[in-house]
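Number of protein chains: 2
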Amino acid sequence: MTIATVARRAGVSRQTVSNVINTPDVVRAETRERVREAIEELGYRVNQAARQMRTGRSRLIAVRIEPARDGINGSVLDRFLHGLTDAAGLAGYRVMLYTADGDADEIATYDELLNAYDLDAFVLTSTHHGDPRTSWLAARDVPFVTFGRPWGAPDTHSWVDIDNAAGTAAATEHLLAAGHRRIGFLGWPAGSGVGDARREGWHRALGPWGSSFEATDSVESGAAGALSLLRAEEPPTALVCASDSLALGALQAARELGRDCAVIGFDDTAVAQAIGLTSVSQPLAEAAARCMGLLAELLDGRAPSFPTTVLLPPSLVVRQTA
Amino acid sequence: MTIATVARRAGVSRQTVSNVINTPDVVRAETRERVREAIEELGYRVNQAARQMRTGRSRLIAVRIEPARDGINGSVLDRFLHGLTDAAGLAGYRVMLYTADGDADEIATYDELLNAYDLDAFVLTSTHHGDPRTSWLAARDVPFVTFGRPWGAPDTHSWVDIDNAAGTAAATEHLLAAGHRRIGFLGWPAGSGVGDARREGWHRALGPWGSSFEATDSVESGAAGALSLLRAEEPPTALVCASDSLALGALQAARELGRDCAVIGFDDTAVAQAIGLTSVSQPLAEAAARCMGLLAELLDGRAPSFPTTVLLPPSLVVRQTA
Numbered sequence: 001m002t003i004a005t006v007a008r009r010a011g012v013s014r015q016t017v018s019n020v021i022n023t024p025d026v027v028r029a030e031t032r033e034r035v036r037e038a039i040e041e042l043g044y045r046v047n048q049a050a051r052q053m054r055t056g057r058s059r060l061i062a063v064r065i066e067p068a069r070d071g072i073n074g075s076v077l078d079r080f081l082h083g084l085t086d087a088a089g090l091a092g093y094r095v096m097l098y099t100a101d102g103d104a105d106e107i108a109t110y111d112e113l114l115n116a117y118d119l120d121a122f123v124l125t126s127t128h129h130g131d132p133r134t135s136w137l138a139a140r141d142v143p144f145v146t147f148g149r150p151w152g153a154p155d156t157h158s159w160v161d162i163d164n165a166a167g168t169a170a171a172t173e174h175l176l177a178a179g180h181r182r183i184g185f186l187g188w189p190a191g192s193g194v195g196d197a198r199r200e201g202w203h204r205a206l207g208p209w210g211s212s213f214e215a216t217d218s219v220e221s222g223a224a225g226a227l228s229l230l231r232a233e234e235p236p237t238a239l240v241c242a243s244d245s246l247a248l249g250a251l252q253a254a255r256e257l258g259r260d261c262a263v264i265g266f267d268d269t270a271v272a273q274a275i276g277l278t279s280v281s282q283p284l285a286e287a288a289a290r291c292m293g294l295l296a297e298l299l300d301g302r303a304p305s306f307p308t309t310v311l312l313p314p315s316l317v318v319r320q321t322a
Numbered sequence: 001m002t003i004a005t006v007a008r009r010a011g012v013s014r015q016t017v018s019n020v021i022n023t024p025d026v027v028r029a030e031t032r033e034r035v036r037e038a039i040e041e042l043g044y045r046v047n048q049a050a051r052q053m054r055t056g057r058s059r060l061i062a063v064r065i066e067p068a069r070d071g072i073n074g075s076v077l078d079r080f081l082h083g084l085t086d087a088a089g090l091a092g093y094r095v096m097l098y099t100a101d102g103d104a105d106e107i108a109t110y111d112e113l114l115n116a117y118d119l120d121a122f123v124l125t126s127t128h129h130g131d132p133r134t135s136w137l138a139a140r141d142v143p144f145v146t147f148g149r150p151w152g153a154p155d156t157h158s159w160v161d162i163d164n165a166a167g168t169a170a171a172t173e174h175l176l177a178a179g180h181r182r183i184g185f186l187g188w189p190a191g192s193g194v195g196d197a198r199r200e201g202w203h204r205a206l207g208p209w210g211s212s213f214e215a216t217d218s219v220e221s222g223a224a225g226a227l228s229l230l231r232a233e234e235p236p237t238a239l240v241c242a243s244d245s246l247a248l249g250a251l252q253a254a255r256e257l258g259r260d261c262a263v264i265g266f267d268d269t270a271v272a273q274a275i276g277l278t279s280v281s282q283p284l285a286e287a288a289a290r291c292m293g294l295l296a297e298l299l300d301g302r303a304p305s306f307p308t309t310v311l312l313p314p315s316l317v318v319r320q321t322a
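Going line by line, the protein sequences match chains A and B. The numbering of the first sequence is full-length UniProt numbering, which starts it at 1 and goes up by one. The numbering of the second sequence is full-length UniProt numbering, which starts it at 1 and goes up by one.
No lab work stands behind these hints, which were simulated from the structure alone. Every residue gets a Cβ at the ideal spot worked out from N, C-alpha and C, and that includes glycine. There may be inaccurate statements among the hints.
[Unchecked claim] Simulated coverage check for chain A against chain B, where a stretch passes if three residues somewhere in it have a Cβ under 8 Å from a Cβ of chain B:
| hint | stretch |
| --- | --- |
| 1 | 75-82 |
| 2 | 91-105 |
| 3 | 259-271 |
[To be verified] A few chain B positions that, by computed beta-carbon distances, are all more than 10 Å from chain A:
| hint | residue |
| --- | --- |
| 4 | D25 |
| 5 | E30 |
| 6 | R34 |
| 7 | E66 |
| 8 | H129 |
| 9 | D131 |
| 10 | G148 |
| 11 | A197 |
| 12 | P235 |
| 13 | R255 |
| 14 | G258 |
[As the list claims (entries may be wrong)] Reference excerpt, derived from the structure (chain B facing chain A, CB under 10 Å, subset only):
| hint | residue |
| --- | --- |
| 15 | S75 |
| 16 | D78 |
| 17 | L97 |
| 18 | Y117 |
| 19 | L230 |
| 20 | I275 |
Isolated chain A, as found in the complex:
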């Protein structure tokens, strides 16, 4: 079975069949449909090796997998990875995994991977201030996109991110609408792009009179932080939290004090679903699909000459705790 067979059946040229497979956007919808029907009728399976020879590409992209974490927030990047593998599969790409311990190790791993495998591109996650990875790849003309904006740096590459500030702003507005006025924030130490954005959204929606507490991202320090806030003279009646882990700690603290306190988490993890925690949900599958879309544009030479940036709005999932 070859592309020629499909072309004959669909009554189009071989180039058109190739376009439908590799750059469907350039083919008219009606023609595309006819070619896809022919592909289906004939049971044609795109031969990757043959395609690679034609296009000079491996259709292999690499992404880092994080060490297994406590399981509450660690699931966020797992969900992104599921979405990326799905989107890559639909676009005819495969995903290769690697692990790395810090930026320097990750850059050394790029070097090793690029020497060893015929990789097309990288998807970078967990961007942060002073991130050296993107300039390393850019200097070597290696195509990549990042899930996460280049914090504190200009947009010199394409990226997809979630509007974290919009998420906590929506959470805070939900609490204001329910009549809360003293709304606290339980967040991470300053300096992390994501954490600062989540704090900023709360601050923007509430104004300058809220109290906040900085904690490392665990249930225990969430509980300790919430205890400290709730024991203040004018304690908050509601808490917006930078993660579901912190929110879970806040719920424990409120229960321990016998206090009614509305709590909203962030990430809409399985734990939030299980315990009825109101939480901000990130559109991770969409973020992954957009990353893949930007990469495909880059690899097909269809990308505009300036970087594309995609900021996706999160949504508030209202359950029992607020």
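Given chain A, put chain B in place with the hints provided.
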């Protein structure tokens, strides 16, 4: 920097350096140490492409990633994947992901992947009765191991599995020791290897007088199943569940009825940790490392001529609910 430089520094032959990198077991510990020190001092990075040319191998293994699920039990295979990527990295391999919708689609994907990429081996998960994937790979001499035994079929390939029955037996014995006598089981419909094994462990530890209920794996059907068991004339005072999702449903049902009922889940997910659910924990990182170890043996030609089977014991994590 080449292998020759390392060999000169360590005062050994090039072959010995190559052995330390590719088949360390065949080198004496003392020599191995000296070569490793030389590698470290010289900052030598094994060049994968060069190694591939020497060994004729890509050092690339493929594993399926499941569609994202409800997040409670879906995390089990994610944890296995993290462990596999870690173990593969240590052994000098990389992991490639693919998705598949059913056995036939997975087999078609093997065909495509083997045509397109120079893959060394597959790791198969979610083995089941009448699984056609293993014989397809075996017929084509493609190296593979399975995480999960060949249910209802002879051991014709190497596998690693968790002793599911031992897990529910331990849970049941824990409840018996606490004085419970009427211990119910909330499990999946008969026919799934894993589900049947979990039921069997409970049955073995308790004897023939327990009541059980079959439910699909969700919080809602767990709650419905538990309600039905708890409304019986002589209701159980404790429930062993085939998953944390079912256990969460059981807890909801007991609360709804205002009934005290001990509950034990399976998988020790983040949800179990968050709500204090006693649960059976699978040694997933170890299972992944053992899979990688068996594969490395196969690929290095060090495997015995008969299949190796590894059955790992799970452990009970006791929290508040039992």
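Hints and how they fare:
Proximity of the stretch 75-82 of chain A to chain B, defined as three or more residues with a beta carbon under 8 Å from a beta carbon of that chain, is established by the 5 residues found. Coverage of the stretch 91-105 of chain A by chain B holds. Counting CB-CB distances below 8 Å, 6 residues qualify, and the rule asks for three or more. Against chain B, the stretch 259-271 of chain A contributes 3 residues with a C-beta closer than 8 Å to a partner C-beta. That satisfies the three-residue criterion, and the hint holds. No Cβ of chain A comes within 10 Å of the Cβ of D25/B; the nearest lies about 23 Å off, and the non-interface call holds.
Consistency note on E30/B: stated as away from chain A, and its beta-carbon is indeed over 10 Å from all of that chain's, at 28 Å minimum. For R34/B, the non-interface assignment is confirmed: its Cβ lies about 24 Å from the closest Cβ of chain A, beyond the 10 Å cut-off. Its closest Cβ contact with chain A, about 8 Å, brings E66/B to no more than 10 Å, contrary to its assignment away from the interface. Every beta carbon of chain A lies more than 10 Å from that of H129/B, the smallest distance being close to 26 Å; the non-interface claim holds.
The beta carbon of D131/B is kept farther than 10 Å from every beta carbon of chain A, the shortest such distance being approximately 22 Å. No beta-carbon of chain A comes within 10 Å of the beta-carbon of G148/B; the shortest separation is about 20 Å. The non-interface label for A197/B is consistent with chain A: the shortest C-beta to C-beta separation is roughly 24 Å, beyond 10 Å. At roughly 24 Å from the closest C-beta of chain A, the C-beta of P235/B stays outside 10 Å, upholding its exclusion from the interface.
For R255/B, the condition that its CB be more than 10 Å from all CB atoms of chain A holds, with the nearest at approximately 12 Å. Against chain A, the non-interface label of G258/B holds: every CB pair exceeds 10 Å, the least being about 19 Å. Restraint check, S75/B versus chain A: the minimum CB separation of about 6 Å is within 10 Å; hint holds. Interface hint at D78/B: satisfied, since its Cβ lies 5 Å from the closest Cβ of chain A, which is below the 10 Å cut-off.
Against a cut-off of 10 Å between C-beta atoms, the interface hint on L97/B holds, since the closest Cβ of chain A lies about 5 Å away. For Y117/B, the shortest C-beta to C-beta distance to chain A is roughly 7 Å, which falls under 10 Å, so the interface hint holds. Interface restraint check: L230/B against chain A, minimum CB-CB distance 20 Å, threshold 10 Å, status violated. Residue-level restraint check for I275/B holds (minimum Cβ-Cβ distance to chain A is 6 Å; threshold 10 Å).
Checked against the numbered hints above, the structure breaks hints 7 and 19 and satisfies the rest.
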